[in-house]
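Make a model of the complete structure from these sequences and hints.
Protein chains in written order, with the numbering used here: chain C, 1 to 251; chain P, 252 to 628.
Derived by calculation from the structure, the hints in this document are not laboratory data. Hints are not guaranteed to be accurate.
[What the hints assert, rightly or not] Which stretches of chain C does chain P cover? Using the computed rule of at least three CB atoms under 8 Å from a CB of chain P, they are:
#	region
1	95-103
2	111-117
3	170-184
4	218-232
[Stated by the list, open to error] To give an idea of the chain C side of the interface with chain P (calculated C-beta under 10 Å), a few residues:
#	residue
5	S85
6	A89
7	L92
8	G106
9	F107
10	E120
11	L121
12	P122
13	S124
14	Y125
15	M126
16	K130
17	V132
18	A166
Source: prediction; values computed, not measured. The beta carbon of each residue, even a glycine, is placed where N, CA and C say it ideally should be.
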Amino acid sequence: MSMSLSAPTTATNTVTLHARSVRKTFVSGRIESTVLHDLTLDVQAGALTLISGPSGCGKSTLLAILSGLQSADSGQVHALGHDLSGLSARALESFRLQHTGFVFQGFNLFPALTALEQVELPLSYMGLAKDVVRKRAVDSLEEVGLGPRMRLLPSELSGGEKQRVAIARALAKEPELLFADEPTSALDAANGQIVIDILHRIARTHGTTVLCVSHDPRLVHHADRVLAMEDGRILSDHVPPSPLATATEPR
Amino acid sequence: MVALARKTLIYEWRRFLPAILAVGFASLLQLLQAALVMGIFGSASVYITRSSADLWAGYPGTQSVNLGRPISEDVAMRLRMDPDVVKVEPFRWVDADWRGPSDTGGVSVFVSGIDARPDGMMFSRVLPPALRARLSEPGAVIVDEADLDSLGVSIGGTAAINGQRVKVVGVSKGLRALGGVNIVASLETARVLDVSPDDAGMMTYFIAKVRPGVKPRIVAKRLNGSNAFGPYTVWTANAFARESSLYWMFDTGAGAGVLFLAGIVFLVGSVITSQTLIAAVIGSIREYATLNALGVGRGSLRKVVMEQAFWVGALGLVCSIVIGLILLVIAKNRSVPMELHPITAITCLALSMALAIVSGLAAVRTLRRADPASLLR
Numbered sequence: 001m002s003m004s005l006s007a008p009t010t011a012t013n014t015v016t017l018h019a020r021s022v023r024k025t026f027v028s029g030r031i032e033s034t035v036l037h038d039l040t041l042d043v044q045a046g047a048l049t050l051i052s053g054p055s056g057c058g059k060s061t062l063l064a065i066l067s068g069l070q071s072a073d074s075g076q077v078h079a080l081g082h083d084l085s086g087l088s089a090r091a092l093e094s095f096r097l098q099h100t101g102f103v104f105q106g107f108n109l110f111p112a113l114t115a116l117e118q119v120e121l122p123l124s125y126m127g128l129a130k131d132v133v134r135k136r137a138v139d140s141l142e143e144v145g146l147g148p149r150m151r152l153l154p155s156e157l158s159g160g161e162k163q164r165v166a167i168a169r170a171l172a173k174e175p176e177l178l179f180a181d182e183p184t185s186a187l188d189a190a191n192g193q194i195v196i197d198i199l200h201r202i203a204r205t206h207g208t209t210v211l212c213v214s215h216d217p218r219l220v221h222h223a224d225r226v227l228a229m230e231d232g233r234i235l236s237d238h239v240p241p242s243p244l245a246t247a248t249e250p251r
Numbered sequence: 252m253v254a255l256a257r258k259t260l261i262y263e264w265r266r267f268l269p270a271i272l273a274v275g276f277a278s279l280l281q282l283l284q285a286a287l288v289m290g291i292f293g294s295a296s297v298y299i300t301r302s303s304a305d306l307w308a309g310y311p312g313t314q315s316v317n318l319g320r321p322i323s324e325d326v327a328m329r330l331r332m333d334p335d336v337v338k339v340e341p342f343r344w345v346d347a348d349w350r351g352p353s354d355t356g357g358v359s360v361f362v363s364g365i366d367a368r369p370d371g372m373m374f375s376r377v378l379p380p381a382l383r384a385r386l387s388e389p390g391a392v393i394v395d396e397a398d399l400d401s402l403g404v405s406i407g408g409t410a411a412i413n414g415q416r417v418k419v420v421g422v423s424k425g426l427r428a429l430g431g432v433n434i435v436a437s438l439e440t441a442r443v444l445d446v447s448p449d450d451a452g453m454m455t456y457f458i459a460k461v462r463p464g465v466k467p468r469i470v471a472k473r474l475n476g477s478n479a480f481g482p483y484t485v486w487t488a489n490a491f492a493r494e495s496s497l498y499w500m501f502d503t504g505a506g507a508g509v510l511f512l513a514g515i516v517f518l519v520g521s522v523i524t525s526q527t528l529i530a531a532v533i534g535s536i537r538e539y540a541t542l543n544a545l546g547v548g549r550g551s552l553r554k555v556v557m558e559q560a561f562w563v564g565a566l567g568l569v570c571s572i573v574i575g576l577i578l579l580v581i582a583k584n585r586s587v588p589m590e591l592h593p594i595t596a597i598t599c600l601a602l603s604m605a606l607a608i609v610s611g612l613a614a615v616r617t618l619r620r621a622d623p624a625s626l627l628r
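Pasting the structure below:
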């Protein structure tokens, strides 16, 4: 990829995502529940940031707001210098098309398309030339180790392979921001390990801001930074003790 | 561009099959219904459509060709005086009662007395000259092949019309009538068969040919200008044929029935098609939501659904055209009155495609549920 960084450096200390006093409240009937309590947060490029916490703690809502899928009730979100709270739905779509990638817990692949076509599909809406689309898709699939299996349909791939196709689909857009929601929850240990390694590598080699939400404790050691959330607040913000200590610089 | 709509349609063909069949059946039903109606009510005007005359002159205000009344011979004079009329021929209509040799009871028949000369205009499209020549024999008649059974005769057989002996000298195709049986005879034979005393010697219509290159409509308008030669109305052949068919269609209430049935077919077809398309959209709702999360706009997603609707429509139409053609050929071989004009066929097919598109629009609304934020829960 053109954006590859030569050295295995971590966070470039460039803040790409910036949330200030973000509040979100859901109303269901008469009950009003505040999911995010005036939350303030910075996320840096080139690192894998993990938001962990029990289910219902508001971590997915935070991800949705930081990625421009949902709007906050109050507070501000700046992504790559854009004020997301001021953008229309159409402008948000266009922002996401240009700058973001998503990986979800479910792989959400179209059953009728081969791995290569799954990756090409969103690219073809970016206004890229046909050969550029093809090259980016092939490169991304090779990067996640699916080069030899790119002509297969989802039904012919294992769960881990499907999630790697989903990662390649997000990666091929060459996004500055990559959001992952419980990317390993549906996978066994070995495949979960492969997936988190790929996400980590993307952050380092492409300088991408990777923001991952998960309650999976196995991921903690693979993150550059871990934010623990509970009841809509961030309880702790730390650099995890990692078995890959050599690759993780202290902040 | 990845052909998502088409690939999904092929991969999940079982899911889309009900919609394709619904469009196909709706289209086939509309086509066959139209063909039958046009065929049946078209036979009300076989006298006009199977003849080569450009103009028809008859009793004023006649609503359908079978309702003609005797008119004065002077009208023929008036037609001949027009500089653009090159040929005038009489046509005599006799309502009569048929008694066959076998036990068929009485059959109501319409006797067409025509000019039996080889260059005659009446029925020139269904009677080859050799067959036509046989009519000059006194008492000779020609019937439609398909009517032989109901008349209880065979070729060469004899019967009685209004008590007068006639002989079937041949059969033709495309002469079937509405509400009775057509019998073709010469003018002389028809005069003998006409037992009603008050119109003895009176013709029912005078038909005419205009000079090549002249519009019959203009000549008809000019001829309708005066009543100096007795009361009459002149129609162009096309106008009179249409008037006759429409008279039957609405007189029998069939026209309203046809429209009602077409409405029902459209409604049922679009319910099935839209439900199928909606189910297909819901089946892929998470994938659509993912595409939207990745920034693919809602307009582009709508286009995918509409493209699917289009292909469902197109495949349905192809099915209906193939089956429809086969049925039309079978119907033709069995003398079932079916007629499909290109414009009618295109209208039916366009209606069915509209059905698919309307269903697609209904399914597009379902895309609102493709909320990427819902993938995060």
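#### Entry: Restraint check, 10 Å cut-off on beta carbons, for S124/C near chain P
holds (5 Å)
### Message
The hint names A166/C as touching chain P; please verify it with the least Cβ-Cβ distance against 10 Å.
### Response
Status holds, d = 8 Å.
### Per-residue hint verdict: G106/C, partner chain P, C-beta under 10 Å
Where the cut-off is 10 Å and the nearest Cβ of chain P is about 6 Å from G106/C, the hint holds.
#### Entry: Verdict on chain P covering the region 218-232 of chain C, where coverage means 3 or more residues with a C-beta closer than 8 Å
With 0 residues close enough to chain P, the hint is violated.
### Message
Does the closest beta carbon of chain P sit nearer than 10 Å to the beta carbon of K130/C?
### Response
Constraint on K130/C satisfied, holds at 9 Å.
### Query
Taking a Cβ-Cβ distance under 8 Å as contact, does the region 111-117 of chain C have three or more residues in contact with chain P?
holds (count 4)
### Task
Grab the minimum C-beta distance from L121/C to chain P and call the hint holds if it beats 10 Å, violated otherwise.
holds (5 Å)
### Query
Once the shortest beta carbon distance from A89/C to chain P is found, is it less than 10 Å?
holds (8 Å)
### Message
For the region 170-184 of chain C, count the residues whose Cβ lies under 8 Å from any Cβ of chain P; is that count three or more?
### Response
As far as the region 170-184 of chain C goes, the hint holds, because 3 residues have Cβ atoms under 8 Å from chain P.
### Message
Y125/C was flagged as interface toward chain P. Is the shortest Cβ-Cβ separation under 10 Å?
### Response
holds (5 Å)
### Query
Against chain P, is M126/C within 10 Å by beta-carbon distance?
holds (8 Å)
### Message
Hint S85/C vs chain P: min CB-CB distance below 10 Å?
### Response
violated (15 Å)
Comparing the model with each numbered hint stated earlier shows that hints 4, 5, 17 do not hold.
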